[in-house]
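Here is what each chain is made of, one letter per residue.
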Amino acid sequence: MIDLLGLTVSQASGLSQLIIDIAMYFGAFVIVAMALNFQYGNAGVPNMGCAVQVIAGGFTVSAITTRVTFMIVKAAGLPLMPYASDYDWVYNNPHNVAVVTNPFIETHTMLGISLLLFSLALALVLGSAIGYIISLPAIRLRSTYLMITLITMADASQIFGRNIPAICGGTLGVFVPNVFAWYLGNRGIILAVVTLLIGIIAFFIFRTMLNSPYGRLMRAIRENDGTVESVGKNVVGIRRNILMFASGITALTGVMWAFYASYVVDNLFMRADWTYWPWLMLILGGPGNNAGTFLGCALIIALRRIILISKWSLEQYLFFPIAYVENILLGVLLIAVIIFRPRGLIPEKLLYIPGINYRKMVTGEAQVDLGDSAMPKAETEGGEPE
Amino acid sequence: MSEVLKIENVRKYFGKFAAVDDISFGLKEGGIYLLVGPNGCGKTTLVNCISGIYNPEEGNVYYRDEDITGEAMYKISRRGLVRTFQIASPFLSLTTLENMLVAVPKNAGENIFFSLFKPSWMDSEVTAVKQASELLGVLGLKHVWNMPANTLSGGELKLLEIGRALMCGAETILLDEPVGSIDPKLCHQIFNHVLRLRDEMGLTFLVIEHRLEVAAQYADHVFAMDRGKLLTEGTAEEVFEDPRVITSYLGE
Ligand SMILES: Nc1ncnc2c1ncn2[C@@H]1O[C@H](COP(=O)(O)OP(=O)(O)O)[C@@H](O)[C@H]1O
Ligand SMILES: [Mg+2]
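Taken in order, these protein sequences are the chains called A and B.
Position 146 (the first sequence) corresponds to 146 in the working numbering; numbering is contiguous.
Heads up, the working numbering is the position in the second sequence plus 1000, with the first residue counted as 1.
Rather than coming from a laboratory, the hints here were simulated on the basis of the structure.
Keep in mind that the hints are not guaranteed to be accurate.
[What the hints assert, rightly or not] With a Cα cut of at most 27 Å, we get these calculated BS3-like pairs of lysine-lysine: (1) B:K1142 - B:K1106; (2) B:K1106 - B:K1118; (3) B:K1229 - B:K1028; (4) B:K1028 - A:K349; (5) B:K1106 - A:K360; (6) B:K1016 - B:K1028; (7) B:K1185 - B:K1229; (8) A:K360 - B:K1118; (9) B:K1229 - B:K1016; (10) B:K1006 - B:K1229; (11) B:K1006 - B:K1016; (12) B:K1106 - B:K1075; (13) A:K360 - B:K1142; (14) A:K349 - B:K1130; (15) B:K1106 - B:K1130; (16) A:K349 - B:K1142; (17) A:K360 - A:K349; (18) B:K1006 - B:K1028; (19) A:K360 - B:K1130.
The following block holds chain A by itself, in its conformation from the complex:
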């Protein structure tokens, strides 16, 4: 459904719109995939509930930002239709958002920007709270059971969204205010730029964390949590921090996606889109390093576009509905990657903590090659540090 939306828009205004769309997709998915890399690729927490973390952001916008905006607009004296009851909230929503609120934001730039920042900050907090909740079973459960539990949680949160109209209007969904209404150019551009900007900041934060003793500790937990516990580290607490932080970051994608769609409905955040594709990106690119995550993300997004555009030419040959083509092809790709390149396109490298000359400190000899890295002498694991 999301894709069809993207496609119709892009057909309407040509190539530049297609590029903007792809940039938006890349920005949104790379955040989720990087956060997943942080959780699974490095710390080994098999989070199959990425979708619930994204949903935390989406529902923040629909349930909270929208109401806060209405309150502000009302305080400014504009004639909003009632929105207190579930019925009014849903049925008066198009009028309240499109006719009253958006024109108001158009002339109030600071309000738009504040609402955006407010939504992001709140999503960070609520996303972390969701991370805390999903960390509770992580204490008791290991890999497979944890995965199943988290899939279920993501589905459950979608069901909550569908059945509690106050969150996002039930099956009908609700429009959310256009916080970029003040921007006169193409709205897609500013959305893509902001999303990519968040992605870049997140990238630097994740990279700094991974190239530090904390990154080392995360990998150690992934390799052998019992051993980490035996040297006096509270593994449960560390895992919880990781889940909370990654959830907060992932929720930012949900916020941007809600603004991008200008509309929130439960199946805007399908499990396939927000859990399986990020996993596929991670496994294809190679878990454990951000370069692989980028590559996987770019490849999958490109592939999905190509499938989307070219699948109609296959229609006459298919014996099943064309809607399944994408899932089938990507599923086959996943199986192929696991069989033929289990470590992904870019395998994980040894940890690299810049600025400390480990070699000199341990062996006493100055480093001849490679500056002051702690890389082995170009064995299988070698290569450029990220």
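With the hints as your guide, set chain B with the ligands onto chain A.
Frame of chain A, contents of chain B with the ligands only:
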């Protein structure tokens, strides 16, 4: 000398089967203790009960006169009571040095937020590397400092197990079969390290071993277990001449 570790009437059941059946003993500070017993007699289970992996159904474990029964493993470890694993459990994709560094207590860079500010953890990291490097020298692991643990030999992994325990500031170390499946020459090398660490740093060791002869000459005091029970204790000669111990190994 006071008893640093004391266990009283510890029992651990798996279903109705008592893997550890009413065991009591005490370890004095600075001693090297040996716990022998045939395979499957409950040695590892006992270590698991002491180190916090299992909460024993009955009995108590005291460390430095504080009751630590059923405490989480990481808390017990922070007290200075650290165990190693019978099956070497390194972090396979980390290098030897990194394996050691993970064990450093209170490394400032291991905080999710402070990890972002390098100046805040640079000093503690450098101190840790120096300490690790020294220990690697003592254990003779320096030549593999930069090799991922999955490329180390069995003997090197056993040494790394000990190194990791030392790195986290252990004062009492439970070594679960530190020389299992290791050739005699390296066995003696490992036990000489243990002696040296005891003499130089005053550490207390409880060494688990299922073979009688290998570790005997290094132990101050020997405990013998069979089928979950403590058979006897004393010096190596006393224990090994005890007919019950011989029977437990050779059968009737
Ligand atoms: N988790 C477990 N569940 C059931 N039985 C166990 C478990 N762990 C150990 N046992 C049993 O307890 C007994 C003692 O095992 P263990 O402590 O590993 O012996 P040892 O270390 O002396 O060789 C064995 O009979 C073993 O089968
Ligand atoms: Mg054992």
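Non-conforming hints, listed in increasing numerical order: Structure breaks hints 4, 6, 7.
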